[in-house]
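Trainee: Put chains U and R on the given structure of chain Z with help from the hints.
Residue numbers (the working numbering), protein chains in the order written: chain Z, 1 to 245; chain U, 1 to 179; chain R, 1 to 356.
Don't take each hint at face value.
Derived pair list, reagent style DSS-like, types lysine-lysine, alpha-carbon separation capped at 30 Å [to be verified]:
{"no.": "1", "chain 1": "U", "residue 1": "31", "chain 2": "R", "residue 2": "353"}
{"no.": "2", "chain 1": "R", "residue 1": "266", "chain 2": "U", "residue 2": "31"}
{"no.": "3", "chain 1": "U", "residue 1": "65", "chain 2": "R", "residue 2": "266"}
{"no.": "4", "chain 1": "R", "residue 1": "40", "chain 2": "U", "residue 2": "152"}
{"no.": "5", "chain 1": "U", "residue 1": "31", "chain 2": "R", "residue 2": "2"}
{"no.": "6", "chain 1": "R", "residue 1": "271", "chain 2": "U", "residue 2": "65"}
{"no.": "7", "chain 1": "R", "residue 1": "289", "chain 2": "U", "residue 2": "65"}
{"no.": "8", "chain 1": "R", "residue 1": "266", "chain 2": "U", "residue 2": "66"}
{"no.": "9", "chain 1": "R", "residue 1": "3", "chain 2": "U", "residue 2": "152"}
{"no.": "10", "chain 1": "R", "residue 1": "3", "chain 2": "U", "residue 2": "158"}
{"no.": "11", "chain 1": "R", "residue 1": "271", "chain 2": "U", "residue 2": "31"}
{"no.": "12", "chain 1": "U", "residue 1": "152", "chain 2": "U", "residue 2": "120"}
{"no.": "13", "chain 1": "U", "residue 1": "158", "chain 2": "R", "residue 2": "2"}
{"no.": "14", "chain 1": "R", "residue 1": "2", "chain 2": "R", "residue 2": "125"}
{"no.": "15", "chain 1": "U", "residue 1": "65", "chain 2": "R", "residue 2": "274"}
{"no.": "16", "chain 1": "R", "residue 1": "274", "chain 2": "U", "residue 2": "66"}
{"no.": "17", "chain 1": "U", "residue 1": "66", "chain 2": "R", "residue 2": "271"}
{"no.": "18", "chain 1": "R", "residue 1": "125", "chain 2": "U", "residue 2": "158"}
{"no.": "19", "chain 1": "U", "residue 1": "31", "chain 2": "R", "residue 2": "125"}
{"no.": "20", "chain 1": "R", "residue 1": "184", "chain 2": "R", "residue 2": "271"}
{"no.": "21", "chain 1": "U", "residue 1": "158", "chain 2": "R", "residue 2": "44"}
{"no.": "22", "chain 1": "R", "residue 1": "289", "chain 2": "R", "residue 2": "274"}
{"no.": "23", "chain 1": "U", "residue 1": "66", "chain 2": "R", "residue 2": "2"}
{"no.": "24", "chain 1": "R", "residue 1": "2", "chain 2": "U", "residue 2": "152"}
{"no.": "25", "chain 1": "U", "residue 1": "66", "chain 2": "R", "residue 2": "270"}
{"no.": "26", "chain 1": "R", "residue 1": "2", "chain 2": "U", "residue 2": "65"}
{"no.": "27", "chain 1": "U", "residue 1": "65", "chain 2": "R", "residue 2": "44"}
{"no.": "28", "chain 1": "R", "residue 1": "3", "chain 2": "U", "residue 2": "65"}
{"no.": "29", "chain 1": "R", "residue 1": "44", "chain 2": "U", "residue 2": "152"}
{"no.": "30", "chain 1": "U", "residue 1": "66", "chain 2": "R", "residue 2": "3"}
For each label pair, taking beta carbons as the anchor points, the in silico distance ranges come out as [what the hints assert, rightly or not]:
{"no.": "31", "chain 1": "R", "residue 1": "308", "chain 2": "U", "residue 2": "102", "range": "34 to 42 Å"}
{"no.": "32", "chain 1": "U", "residue 1": "11", "chain 2": "R", "residue 2": "192", "range": "48 to 56 Å"}
{"no.": "33", "chain 1": "Z", "residue 1": "227", "chain 2": "R", "residue 2": "217", "range": "54 to 62 Å"}
{"no.": "34", "chain 1": "R", "residue 1": "217", "chain 2": "Z", "residue 2": "35", "range": "27 to 35 Å"}
By construction, these hints were calculated from the structure, which means they are not laboratory data.
Note that the Cβ used here is the ideal one computed from N, Cα and C, for glycine as well.
Residues per chain are reported as follows:
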Amino acid sequence: MAAERKAPSTIYGVNSFCPGCGHGIVIRLIAEVVEEMGLAENAIGVLAVGCSCLTNRYLALDLMQAAHGRAAASAGAIKRCRPEKLIFTYQGDGDAASIGIAETLYSAQRNEGFTQIIVNNGVYGMTGGQMSPTTLVGQKTTTSVQGRDPEVMGMPLKISELISSFDVAYLARGSVHNAASIRKTKKYIQKAFETQMNQGGYTCVEVISPCPTNWHLTPLQAVDRIEKEVLAYYPLGEFCEGGVR
Amino acid sequence: MLNQFIFAGFGGQGILTAGLLLANTASVHGKEVIWMPSYGSEMRGGTANCSVKIDDEMISSPFIKKIDYLIVMNKPSLDKFLPQVREGGTVILNSSIITEVPEMPKLQKIAVPAGEICEKLKNERGANICMLGALAGCCELFTREEYETGIKDYFSAKPQFHEGNMAVFEAGYQCVKGE
Amino acid sequence: MKKLMKGNNALAEAAILAGCRFFAGYPITPQTEILEYLAKHLPKRGGHFVQTESELAGINMVMGAAATGFRAMTSSAGPGFSLKQEGISYLCSMELPAVIVDVMRYGIGLGNIVLGQGDYFQAVKGGGHGGYKVPVYAPSSVQENVDYITMAFDTAEAYRTPVILLSDGAIGQMAESVELPEAKEHDPDKYDWTLKGRDAAHPTGRKMTDRIYYDFAYSEYDPHIRERYSKMEEELQMWEEIELADAEVVLVSYGISSRVCKEAVKLARKKGWKAGMIRPITLWPFPRKAFEKTNKMAKAYLSVEMNACGQMVEDVALYGRSVPVYSYPSGRVIADPEVILQKIEGIFQGTEKEVF
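The shape of chain Z in the complex, shown without the other chains (with noise of 0.2 Å):
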């Protein structure tokens, strides 16, 4: 018998992410909890400008495409209007921690109820590989040539640890570098969702993935480099009292 494809119904098509891209996992992921946990006919998604708008091509279910960077405002107030849906924010780090930045910042303060999910990838993606505020140092892009020079550009911004610094109700940064990270990262996005939809408060997911084109590397490199390079920088972990648990 042929091996059969398994794939939440959440998911329909056939996605045009490139080769080794992080999107299409952290999209299942989020597929599977919503079905799991039984809201697929009570999710709203608010997706970015970026890569991350392509998912209202896979993911069926109500979706908002926000203006850049405003994802936040505009699912805080959905959660305010509709507080006993799932809501959500799909983000890349260019829309959230960049032009985004205030809203996401305000979103934590105000202890907004959706859950914001933040893929980081270090650059801006559908643009062409520009240097993104989580760009590493040294990192070679399209606006940082000889790397990423933090006398001049600054050093990279972490978001998770912005968030940190408020009252939220959940916070955590994953990966989907390889199987183990996986997994764990889908916990994380079950926790958030779970805690938005019982207690309530903001929560948030951010999501460390693989840009294999934008980094000039193959699939398999990129994640080594996520290995190697990226979780140094960007630990992985649930946030607690302030730190990485």
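Mentor: Then chains U and R, alone, in the frame of chain Z:
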């Protein structure tokens, strides 16, 4: 007939409220009325003023060029608005604060020692309503009772202050009407 | 019973009565009383009030609330209204109903907190990207603040569009006697397009706010947009006519300036001059139909507005066709009826210079 009033003083003296009380009296009694505050960037200590226009017909502009009644609670406001008072108009001034009063031969001048009155009546924030009382004494657009209805309606959420308010109002009224 | 109310407060109360249950905004003079009034009253009446970190967050929260079917509003003035433009463009693309209030002030950049009519271009010509159009109501009294905010919510839903209420510092700050309408209950679930969780009955099984990709075939979208705006242009025009039957000089003025112009028309008529006025109530759509009538006999249009160079005057020229257009931008102070009379006299004598 159009009547035009300016209330002016320091921010915090209750000048805007005094104007609102007159405007509310007009509104309650079915007149056309516009109240308009000046708004500046200082919260307190700057000068504050508001204009009130009352008419039987619709009023076009909320702004005032010629003043019929000027109610002033400090010297800078008197200096600022005196040139705008029309010939035969009335100036009601707070003589507890404005001690140097220029000659104004073509105007009716009413000095109200609002500070002393309020001190005597133990209502230290009542100077604005005392000035309004004096206005009621000389502006017969409304009867004394109509003013009272307007004030009572405006402060309907704070009935406990009504008696105190009316005491200072009456004292101001008597500054004009009394002996 | 009529009640003395400040323009901003009356507007805020009327929004609640119209069923508005979501407000997000940021303090800026001279609109702040709207924020303060709703902070105090909206939560008590079952609504959500959010003071946001910026005007950007304010309009984007309104966008989220509007997508769920709630009646939602934000308000600002001048510099803050600039920050709302991105969101207004998105609301237009999503075809979401929402009300945006701009209590205009004077000047470019920080400008000044004093009253003015500085934002005509931005409100009427599409201050954001992409070439959208938004119905714009221009009240000229506290009562009209009340009447048009109610209408703004209804229009927004009837046409699925954001609507701008273009008030100004004078109307916002002044108090007049107003009659408030009856309270309306709004049901956020009554429309099929609202986000409330995937719905098997919906054509795609789930709803997307991004209409350009999901609700139209590639070739259908442009015609849809054209049809949408021409329908609004045809159906929404509103204006007031004063002494137009035989008018030779037609004043054109809106909002606070129009009140002074009304007085000027009266004074001009007393002198035996044939003056009249068109007061646009909707600035977009501009009252083309009014001009089509007056273009036949008017000898001149005189546009009166409270800014430095004149803005609406360009639309007067556009719709006034071949009739000469004169301009009186009164700057930071309200127009003076005496100056209007001098201008009218100058027009009759040929000494006043036309601008278009």
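Trainee: Give a verdict on every hint.
Mentor: Evaluated hints:
Only pairs whose Cα atoms come within 30 Å are accepted, and residue 31/U paired with residue 353/R is rejected, the gap being roughly 41 Å. A C-alpha spacing of about 21 Å is found between residue 266/R and residue 31/U, which places the hinted pair at or below 30 Å, so the restraint holds. At most 30 Å may separate the alpha-carbon atoms for a hinted pair to count; residue 65/U and residue 266/R meet this at roughly 18 Å. The suggested pairing of residue 40/R with residue 152/U holds, with an alpha-carbon distance near 23 Å, which does not exceed 30 Å.
For the hint linking residue 31/U to residue 2/R, the alpha-carbon distance of about 11 Å falls within 30 Å, and the restraint holds. Simply put, residue 271/R and residue 65/U have alpha-carbon atoms about 22 Å apart, close enough for the 30 Å limit, and the pair holds. About 36 Å separates the Cα atoms of residue 289/R and residue 65/U, which puts this hinted pair outside 30 Å; it is violated. A distance of roughly 19 Å separates the Cα atoms of residue 266/R and residue 66/U; the hinted pair therefore holds under the 30 Å criterion.
For the suggested pair residue 3/R and residue 152/U, the alpha carbons sit about 14 Å apart, so the restraint of at most 30 Å is met. Between residue 3/R and residue 158/U the CA atoms are separated by roughly 17 Å; this keeps the pair inside 30 Å, and the hint holds. Distance check on the hinted pair: residue 271/R and residue 31/U sit about 28 Å apart at the alpha-carbon level, within 30 Å; holds. As the CA atoms of residue 152/U and residue 120/U are separated by approximately 23 Å, the hinted pair is consistent with the 30 Å bound.
Our distance criterion of 30 Å between C-alpha atoms is met by residue 158/U and residue 2/R, whose separation comes to about 20 Å. The hinted pair formed by residue 2/R and residue 125/R fails the criterion: a straight-line CA distance of about 36 Å is larger than 30 Å. With a C-alpha separation of about 26 Å, the suggested pairing of residue 65/U with residue 274/R holds against the 30 Å cut-off. For the given pair, residue 274/R sits about 28 Å from residue 66/U by alpha-carbon distance, which is consistent with the 30 Å threshold.
Under the criterion of a C-alpha separation no larger than 30 Å, the hint pairing residue 66/U with residue 271/R is consistent with the structure, at around 22 Å. Distance restraint check for residue 125/R and residue 158/U: the Cα-Cα separation of roughly 47 Å exceeds the 30 Å cut-off, and the hinted pair is therefore not satisfied. As the CA atoms of residue 31/U and residue 125/R are separated by approximately 39 Å, the hinted pair breaks the 30 Å bound. For the suggested pair residue 184/R and residue 271/R, the alpha carbons sit about 47 Å apart, so the restraint of at most 30 Å is broken.
Straight-line distance between C-alpha atoms of residue 158/U and residue 44/R comes to about 20 Å, which keeps the hinted pair within the 30 Å bound. Note on residue 289/R and residue 274/R: the hinted pairing holds, with a Cα-Cα distance of about 21 Å set against a maximum of 30 Å. Proposed proximity of residue 66/U and residue 2/R is supported: the alpha carbons are some 28 Å apart, at most 30 Å. The straight-line distance between the Cα atoms of residue 2/R and residue 152/U is roughly 16 Å, inside the 30 Å bound, and the hint therefore holds.
For the hint pairing residue 66/U with residue 270/R, the CA-to-CA distance comes to about 21 Å; that is within 30 Å, so the pair holds. Straight-line distance between C-alpha atoms of residue 2/R and residue 65/U comes to about 28 Å, which keeps the hinted pair within the 30 Å bound. About 42 Å separates the Cα atoms of residue 65/U and residue 44/R, which puts this hinted pair outside 30 Å; it is violated. Restraint check: the Cα-Cα separation between residue 3/R and residue 65/U comes to about 26 Å, which is no more than 30 Å; the hinted pair holds.
Among the hinted pairs, residue 44/R with residue 152/U is consistent with the structure: their alpha-carbon atoms are about 26 Å apart, no more than 30 Å. At most 30 Å may separate the alpha-carbon atoms for a hinted pair to count; residue 66/U and residue 3/R meet this at roughly 27 Å. Between residue 308/R and residue 102/U the Cβ separation comes to about 37 Å, which falls inside the hinted range of 34 to 42 Å. Against the hinted window of 48 to 56 Å, the Cβ-Cβ separation of residue 11/U and residue 192/R comes to about 53 Å, which satisfies the hint.
Between residue 227/Z and residue 217/R the CB atoms are about 46 Å apart, so this pair departs from the stated range of 54 to 62 Å. Against the hinted window of 27 to 35 Å, the Cβ-Cβ separation of residue 217/R and residue 35/Z comes to about 31 Å, which satisfies the hint.
Checked against the numbered hints given earlier, the structure breaks hints 1, 7, 14, 18, 19, 20, 27, 33 and satisfies all the rest.
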